[in-house]
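S.K.: Note that the protein sequences, when read in sequence, are chains A and B.
With this note's numbering, you'll find the first sequence wraps up at 259, consecutive numbering, no jumps.
With this note's numbering, you'll find the second sequence wraps up at 1311, consecutive numbering, no jumps.
Derived from the structure by calculation, the hints contain no laboratory data.
Watch out, some of these pointers could steer you wrong.
Restraint ranges, calculated between C-beta atoms of paired labels, are given here [to be verified]:
#1 A:Asp167 with B:His1039: 39 to 47 Å
#2 B:Leu1203 with A:Arg105: 46 to 54 Å
#3 B:Arg1002 with A:Pro151: 34 to 42 Å
#4 A:Asp208 with B:Arg1208: 30 to 38 Å
#5 B:Ser1165 with A:Val108: 57 to 65 Å
#6 A:Arg60 with B:Val1094: 36 to 44 Å
#7 B:Leu1203 with A:Asp196: 33 to 41 Å
Calculated cross-link-like contacts (lysine-lysine; reagent style DSSO-like; alpha-carbon spacing at most 27 Å) [claimed, not checked]:
#8 A:Lys110 with A:Lys2
#9 A:Lys238 with B:Lys1097
#10 B:Lys1056 with B:Lys1097
#11 B:Lys1038 with A:Lys238
#12 A:Lys238 with A:Lys213
#13 A:Lys2 with B:Lys1056
Heads up, the beta-carbon is just placed ideally off N, CA and C, and yes, glycines get one too.
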Amino acid sequence: MKSYTIEVTESQRLYGNTHLLWLVEPEAFFSVTAGQFVMAYCGEGWDPLLGRAISIHRRRVTADGRREFALLFDLVGRGTDWLARRREGDAVRIVGPLGRGFEVRERVQKMLLVGGGIGSAPLIWLADDLVREGREVTLVLGGRGTPQIFPAHLLPPEVELVVATEDGSLGETGRITGPFQRLLSWCDQAFACGPDAMFEALYRVVADSGLRKPVQGLLEARMACGLGICYSCAVFPKRGGVRLVCHDGPMFDLRDLYG
Amino acid sequence: MRVDLSVNLAPHHKLELRLRNPIMTASGTFSNGLEIAKHYDVERLGALVSKGTTLKARRGNGVPRTVETAAGMMNAIGFQNIGVSALVSQIAPVWEKWSVPVLVNIMGETLEEYGTLAARLDGVPGVAGLEVNVSCPNVEAGGIEFGQDPRAAASVVREVAANTSLPFLVKLTPNVNDIRPIARAVEEAGAQGITVMNTVPALAIDVRRRRPVLANVFGGLSGPAIKPIALRQVYLASSVVEFPVVASGGAMTGTDVVEFVMAGASAVQIGTASFLDPSAAWRILDELEAWCLAEGLNGLDEIRGVARRRD
Ligand SMILES: Cc1cc2nc3c(=O)[nH]c(=O)nc-3n(C[C@H](O)[C@H](O)[C@H](O)COP(=O)(O)OP(=O)(O)OC[C@H]3O[C@@H](n4cnc5c(N)ncnc54)[C@H](O)[C@@H]3O)c2cc1C
Ligand SMILES: Cc1cc2nc3c(=O)[nH]c(=O)nc-3n(C[C@H](O)[C@H](O)[C@H](O)COP(=O)(O)O)c2cc1C
Ligand code: FES
């Protein structure tokens, strides 16, 4: 974890209100895992002051051998608006890689990935990796409507895609808990990212099913540092105590939070 | 050539409190140092200050605990900490291996708790001194109420002094009519120095939810936005005391540190700046050194308090 000022190599609105930024990868990112994030510093000077937590969305090696990583983010306020206006050749300061990413079990085959809205961002890279390792991947994407759904043609073709939209404009009508419930018994391990309410709903599905399926969730929290030094990003497990999302997570086994 | 930036924050105390340089970390903005020490050489810094520590472990406030404001941020963490016993058994042994002095920031809910905390930390290897917090705006009991009245502050100082052989600073709040009588009372009661200042009590409102943003309602403002307030408080406090004044509030650059020293500070704590960049304290130290070299200074004594001179 260090501070790096790095160059933007590609910047585009990818779909809906969602922007994609490719950046030159610092060498220290070599061993990052899916689910880890960076703090991105937006603007010059001290306003806005704090970094924005953004998951690492994807990684690639260019034809000339340069390592790059991508951020995929919704435009919601000042920080993400500034980030989306960066163009090829511009510099962005980031601190990373941060947090604890997904922990994929070794000898298991059937992987269920569940992303609500922009929660799909870190799952795409996970899907890339799992497919490359020869595992079976089913990706469930959900959102209010079509503009919130990551484009299917940008996924590895081996991925089995299931889409659910609340307005019914794409895929099944309804929330992702439906397909999640159906696919739970099929999978060996599940990974989820999305809004807080989604995790609790997923946990209920698992608990009610009686199946002892491990589900890892990637949590969100208000962060000031992302480094484990300010104690802003508290999450309170049902059983008591307090954990820091940026330091103990953002990956948590849902049982450890809601069980 | 290098400038000698070393400073002694407790010159009249038998244990002294010698710092390699005046750059310290601020309580609550560096955890207990272990996270950052994995990536950066903490030994280069002047001193570290622990997370605010209470007698019993505390879970802290609900969320949101922080919110960004114009060139600043507000926090109401509510003293999430592992408690003094765990600090002594798990963290202090790590500090003991470091040569950088570590001060433990303590906060009591009652006068007696300050004494008990001081006694628990007395003689603990790895603990070089204390910073007594009488200025936290984010807890129901204790904290700030001891820091807003000279007599109450002096009674905390006497209680701590009676229970420790360690040198200690007292951390004051800017939320008073006049900081000078409090600074003087703390000096007379036997503290080795003061830290000026803690966060500025503040409020942020979420118009969509029509409620305060922070779960705790109020929070403490920090960051570049409060530097001018901190400078004034350091200037005022150091004009009435002889002992060291440690500055805290919005320091982001080496030049900011120079400003605090010119106002009268002996050392400067780096707080919110570390959230933006974990190596901020090191960068600021480099900038301070470069400034001193460019100005041909032999040490910071040459400029300490110069902005207060009227000649
Ligand atoms: C571990 C983690 C990973 C994330 N990954 C992604 C990602 O890959 N893609 C993506 O689009 N978003 C992601 N987010 C959410 C992202 O951090 C916020 O959307 C972003 O901070 C908004 O900043 P802003 O200045 O545009 O919005 P504003 O609303 O103007 O921000 C104001 C303040 O609130 C904070 N804030 C606002 N929304 C959120 C939020 N949802 N979560 C945490 N803090 C917030 C900001 O950081 C800032 O300090 C992630 C959050 C976390 C904690
Ligand atoms: C998130 C956060 C937590 C803090 N926790 C403590 C604490 O536990 N004890 C304390 O005395 N001060 C605490 N402070 C105050 C800082 O030590 C410092 O005095 C203040 O933030 C002003 O300095 P800055 O502008 O450089 O951050 C905290 C500040 C922040 C931002
Ligand atoms: S955001 Fe600072 S501790 Fe997690």
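S.K.: So, for every hint listed, does it hold in this structure?
M.R.: So, going through the hints one by one against the coordinates:
Under the hint 39 to 47 Å, the C-beta atoms of A:Asp167 and B:His1039, about 46 Å apart, fit the expected range. Against the hinted window of 46 to 54 Å, the Cβ-Cβ separation of B:Leu1203 and A:Arg105 comes to about 47 Å, which satisfies the hint. For B:Arg1002 and A:Pro151, the Cβ-Cβ distance of about 57 Å falls outside the hinted range of 34 to 42 Å, so the restraint is violated. Taken as a hint, the range 30 to 38 Å holds for the pair A:Asp208 and B:Arg1208, whose Cβ atoms sit roughly 33 Å apart.
Distance hint check for B:Ser1165 and A:Val108: the Cβ-Cβ separation is about 58 Å, which falls inside the suggested range of 57 to 65 Å. The hinted window of 36 to 44 Å between A:Arg60 and B:Val1094 holds, with their beta carbons roughly 40 Å apart. At roughly 25 Å, the beta-carbon separation of B:Leu1203 and A:Asp196 lies outside the given 33 to 41 Å, and the hint is violated. With a CA separation close to 35 Å, the supplied pair A:Lys110 and A:Lys2 exceeds the 27 Å bound.
Of the supplied pair hints, the one linking A:Lys238 and B:Lys1097 is violated, its CA atoms being roughly 37 Å apart against a limit of 27 Å. At most 27 Å may separate the alpha-carbon atoms for a hinted pair to count; B:Lys1056 and B:Lys1097 meet this at roughly 25 Å. The suggested pairing of B:Lys1038 with A:Lys238 is violated, with an alpha-carbon distance near 31 Å, which exceeds 27 Å. Taken as a hint, the A:Lys238 and A:Lys213 pair is honoured in the structure, with Cα atoms around 19 Å apart against an allowance of 27 Å.
Pair hint A:Lys2 plus B:Lys1056 does not hold up; C-alpha atoms about 33 Å apart against a cutoff of 27 Å.
Checked against the numbered hints above, the structure violates hints 3, 7, 8, 9, 11, 13; every other hint is satisfied.
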